[in-house]
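Following the hints, complete the assembly by docking chain Z onto the known chain D.
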Amino acid sequence: MAVISDAFGGLQLTGEDAKKFRNQTRARFKSRAASSSAKSGLDVARQLMEKGFVTVAK
Amino acid sequence: MGDPEIIIKKLEAADIDQVSRFTMSDEEDKPLEQFIRRKARTSGSAQLTQTYVAKAADTKHVVAYISLMCAEVRLEGAYSLEDKTDANRYEYQPAIRIARLACCDEFRGKKVGKTLVEAAIGLVLLNIVPHAGCRFIILDAKRKSVSFYEGRGFRLLDTPENRKAKTPLMFLDLRSLV
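Just so you know, the sequences run in chain order D and Z.
First residue of the first sequence: 1, per the working numbering; consecutive thereafter.
First residue of the second sequence: 1001, per the working numbering; consecutive thereafter.
It is worth saying that the hints were derived from the structure and are not from the lab.
Because the structure is a prediction, the values reported are computed rather than measured.
There could be a bad hint or two in this list.
Stated by the list, open to error - DSS-like, lysine-lysine: derived pairs with alpha carbons at most 30 Å apart:
no., chain 1, residue 1, chain 2, residue 2
1, Z, Lys1111, D, Lys51
2, D, Lys39, Z, Lys1142
3, D, Lys30, Z, Lys1166
4, Z, Lys1164, D, Lys19
5, D, Lys51, Z, Lys1110
Just chain D, with the same shape it has in the complex:
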């Protein structure tokens, strides 16, 4: 089994790592954190595409 990342982005999983990855992604996994990140990120991305930049108050 192995997790191999190459310099140009590729990821190869073999053996138990591949099977675990398949099992972890087989069903739709609902994550509140992911949904929240996507919602915030889409707001930022839309402004970025529209104006070329986005200002975020810290």
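For chain Z alone, coordinates are given in the frame of chain D:
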């Protein structure tokens, strides 16, 4: 006095986005410092990565960045014949890799990295998933950053080898977000 506003944008020419002062004191992070200083623009010109930067609104100096690149996930030997009716049977699946994420010392803890990762997720969902197809965002996390990415919705590949790896694989399954 509050923290300054942050501008997120794509990395541009040196007279617009200055990277020469980008500093990370941790030796482990020096390759990230060198990438933005010396390689990010040429890597972008070569269409290998695209880099988005964060700057304080009143300066030209980059304080954080995220670099994205196209990727694929290859699963070798993960499927048996009975899986062939499952939509998950594909051995190769498209992905975007967060190749690098870095924040300079003085802007740590100000949620700039969080904003950049969220922006990357949004850009992929808005511009890539509907037009080209993309199933995952993947990254090799530093161990100290695993909880940060979990807070953004990424999952650790849950194998003993990966959990103890120096840079464990993490992924976000975009199918759950569209």
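Against the structure, the hints:
Between Lys1111 (chain Z) and Lys51 (chain D), the direct Cα distance comes to roughly 22 Å. Compliance with the 30 Å bound is thereby established for this hinted pair. In summary, the hint linking Lys39 (chain D) to Lys1142 (chain Z) is supported, as the alpha carbons are separated by about 25 Å, within the 30 Å threshold. A C-alpha spacing of about 28 Å is found between Lys30 (chain D) and Lys1166 (chain Z), which places the hinted pair at or below 30 Å, so the restraint holds. The straight-line distance between the Cα atoms of Lys1164 (chain Z) and Lys19 (chain D) is roughly 18 Å, inside the 30 Å bound, and the hint therefore holds.
The hinted pair formed by Lys51 (chain D) and Lys1110 (chain Z) meets the criterion: a straight-line CA distance of about 24 Å does not exceed 30 Å.
In the structure shown, no violation is registered for any of the earlier numbered hints.
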